[in-house]
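Asks: Could you build the full structure based on these sequences and the hints that come with them?
Read off the chains here:
Protein chains: 2
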Amino acid sequence: MRILITGAAGFLGSNLCDRLISEGHDVVGMDNFVTGSEDNISHLFGNEQFTFYKHDVSNYIYVPGKLDAVMHFASPASPNPASPFAYFNLPIQTMKAGALGTHNTLGVAKHHNARFLLASTSEIYGDPYEHPQKETYAGNVDITGPRAVYDEAKRFAEALTLAYHRQHNVDTRIVRIFNTYGPRMDLEDGRALPNLLKQALLGEQLTVYGDGGQTRSFCYVDDLVDGIVKLLYSDEHMPVNIGNPVEMTILEFAEQINKVTANKGGIKYVDARSSRDPQRRQPDITRAREILKWEPMVYLEEGVNKTIPYFKKKLGLA
Amino acid sequence: MRILITGAAGFLGSNLCDRLISEGHDVVGMDNFVTGSEDNISHLFGNEQFTFYKHDVSNYIYVPGKLDAVMHFASPASPNPASPFAYFNLPIQTMKAGALGTHNTLGVAKHHNARFLLASTSEIYGDPYEHPQKETYAGNVDITGPRAVYDEAKRFAEALTLAYHRQHNVDTRIVRIFNTYGPRMDLEDGRALPNLLKQALLGEQLTVYGDGGQTRSFCYVDDLVDGIVKLLYSDEHMPVNIGNPVEMTILEFAEQINKVTANKGGIKYVDARSSRDPQRRQPDITRAREILKWEPMVYLEEGVNKTIPYFKKKLGLA
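Line by line, the protein sequences are chains S and H. The opening position of the first sequence corresponds to residue 1 in the numbering used here, with each subsequent residue numbered one higher. The opening position of the second sequence corresponds to residue 1 in the numbering used here, with each subsequent residue numbered one higher.
No lab work stands behind these hints: they were computed from the structure. Check before you lean on any hint, since a few could be wrong.
Copies of the same chain are indistinguishable here, so a pair counts whether it falls within one copy or spans any two.
Calculated cross-link-like contacts (lysine to any residue; reagent style SDA-like; alpha-carbon spacing at most 25 Å) [said to hold, decoys possible]:
1. K54 <-> I291
2. K110 <-> S58
3. K110 <-> F50
4. K66 <-> I267
5. K134 <-> G145
6. K110 <-> Y60
7. K54 <-> D39
8. K313 <-> Q167
9. K198 <-> V260
10. K230 <-> T144
Replies: Structure (structure tokens):
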């Protein structure tokens with residue numbers, strides 16, 4: 001297949017490029033480098049299976065030649081308010097990538113009679129009342145809150161994708177991506193895993209907010225990409241959760257990080273910040289198991305070990 | 001003020017044009033006549049306070065001269081699956097009016113340094129678990145359902161409006177409009193009031209689904225427009241519900257319609273259709289009362305009496 005991937009220079013997009021190229025596909029990458037990084041794809045320049053366009057998906061998209069699939073991964077995605085690349089701090093670009101970007105990429109898929117895959121997110125569930133979250137859960141998103149620029153853009157993108165499927169028979173897929181980690185992730189994205197792993201590798205005390213009883217689920221990027229590729233190859237049109245359902249508390253996670261990295265820094269407890277983060281989010285992956293025969297295979301210790309060399313390089317420790 | 005109103009040829013838009021012109025404002029109307037009707041504004045052609053552009057708000061908008069306010073009312077809005085003008089049947093146009101249309105009209109407001117008012121809807125609450133609905137309620141919208149093309153477009157539009165307010169200091173307002181009736185409403189919009197009033201005026205039996213125990217709240221259009229104008233004049237940026245909180249069952253309502261119209265046709269009960277309609281929706285108007293000093297003034301009997309001549313004309317009975 002010849003596959004257009006928007007957001008190709010991002011964490012997930014670039015890992016997806018590698019995987020699809022390794023399976024023999026031709027990949028057309030697209031990114032405007034607002035939050036993506038050239039470092040993530042520079043190894044692909046010169047590869048004859050890879051073509052790249054620097055382009056903003058909010059503007060009209062033209063790709064010469066045929067396309068068999070379009071995968072729309074372009075969007076700011078960091079929830080770290082302190083990061084200039086967070087969607088909080090790029091609110092209108094984020095909404096444009098979700099609305100205009102999805103509209104434009106669906107138009108490309110329609111024009112080429114190509115299958116289409118939307119990268120959606122567990123954020124469409126907001127701060128959920130239902131645990132774990134099934135795909136049927138309508139979510140609890142505060143439209144007026146600062147996270148809405150991302151959450152509502154993705155909800156809109158899903159509805160538009162289904163509208164193109166129903167109205168124009170575009171062969172669409174929707175993946176709802178949960179918390180993912182691995183090489184090429186943004187060390188500054190503000191999530192628990194990069195924050196704690198960074199501190200551990202620097203030999204610092206790990207910061208745990210409140211009592212550390214909030215829970216998280218972490219999916220290793222290879223598992224996630226595997227699920228996405230299986231969804232692309234399937235013929236499932238309704239949304240599918242892809243993520244790791246193994247839930248642990250932040251405290252358990254911090255202890256495990258200290259163990260894996262042999263960090264002697266210990267743990268420091270600080271007041272729970274007036275966090276906008278949901279207290280819990282955990283995928284119900286029944287549909288992925290049944291429809292895609294997919295489930296995550298990489299244990300946290302293994303995944304963290306595979307991620308450490310990338311973190312060390314980024315931190316100047318390697 | 002000089003005020004741009006998109007969707008000016010619609011039920012609410014045209015009533016709003018009349019009201020603002022009567023208050024001495026200049027109105028620039030815009031409509032593409034996909035669901036709006038020239039009949040609703042033809043009486044304004046020739047009025048020097050009124051200018052009209054036939055234009056699709058999904059495309060770039062240019063309005064010559066200054067603008068002091070922009071009110072974005074353009075969207076398909078009928079929930080009647082049998083109507084060719086329903087948002088179900090115009091899914092992509094509906095999503096474009098909500099996303100691109102809001103983006104374009106916010107751009108106009110920003111350019112002119114004009115205040116902006118978004119016509120949002122009680123539909124953003126979906127099929128609510130909370131009664132009555134406060135503005136803080138996150139709603140229960142099924143992203144994958146057929147109503148999502150409207151509901152998610154309006155949720156997106158609200159989030160984008162707040163993003164423009166926060167990011168670009170655009171002086172924005174958001175009104176969440178509940179069930180409204182009155183002259184110029186679409187007789188075929190599929191809602192309970194036009195369905196039953198039509199049957200009553202034709203001397204037919206009124207059709208009540210199930211046991212008629214579902215409840216509705218109906219706001220007369222003059223009340224609604226009054227609330228919207230008060231919001232425009234206010235400086236409130238967060239969403240405000242405008243609607244009539246008086247709740248009645250469909251059965252009570254049908255009986256009242258038969259009384260007001262002196263219809264002898266009685267009532268027939270039919271099986272509850274596999275309805276996509278929410279069972280209940282009722283505004284909490286505490287914020288409108290406190291911030292705008294607004295509440296509805298028109299009793300149902302009076303409002304229906306004011307609506308009957310329009311229905312008779314449309315039905316060829318007058």
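Asks: Indicate which option fits the pair K54, I291 if close means a Cα-Cα distance not exceeding 25 Å: within, between, both or neither.
Replies: Neither: 35 Å inside a copy, 48 Å across copies.
Asks: For the identical chains here, do K134 and G145 meet the 25 Å Cα criterion within one copy, between copies, both, or neither?
Replies: Result: close both inside a copy and across copies, 23 Å intra and 15 Å inter.
Asks: With 25 Å as the alpha-carbon cut-off, assign the pair K110 and F50 to within, between, both or neither.
Replies: Result: close within a single copy only, 22 Å intra versus 41 Å inter.
Asks: Classify it for me, K313 with Q167: is the Cα-Cα distance of at most 25 Å met within a copy, between copies, both or neither?
Replies: Answer is neither: 48 Å inside a copy and 35 Å across each miss the 25 Å cutoff.
Asks: Using 25 Å as the alpha carbon limit, work out where K66 and I267 are close: within a copy, between copies, both or neither.
Replies: Close neither inside one copy (54 Å) nor across copies (60 Å); limit 25 Å.
Asks: My question is about K110 and Y60: at a cut-off of 25 Å on alpha-carbon distance, are they close within one copy, between copies, both, or neither?
Replies: Classified as both; 14 Å inside a copy, 23 Å across copies.
Asks: Please work out whether the CA atoms of K110 and S58 approach to 25 Å or closer within one copy, between two copies, in both situations, or in neither?
Replies: Both. Shortest intra-copy (17 Å) and inter-copy (19 Å) distances satisfy the 25 Å Cα cut-off.
Asks: Pop the pair K54 and D39 into one bin, within, between, both or neither, using alpha-carbon distances up to 25 Å.
Replies: Within one copy only: 14 Å inside a chain, 49 Å across chains, cut-off 25 Å.
Asks: One pair to classify: K198 and V260, alpha carbons no more than 25 Å apart. Within, between, both, or neither?
Replies: Classified as within; 13 Å inside a copy, 73 Å across copies.
Asks: Taking 25 Å as the upper bound on the Cα-Cα distance, should K230 and T144 be classified as within, between, both, or neither?
Replies: Between copies, since 21 Å is at most 25 Å while 35 Å is not.
In terms of the numbered hints stated before, the structure departs from hints 1, 4 and 8, listed from lowest to highest.
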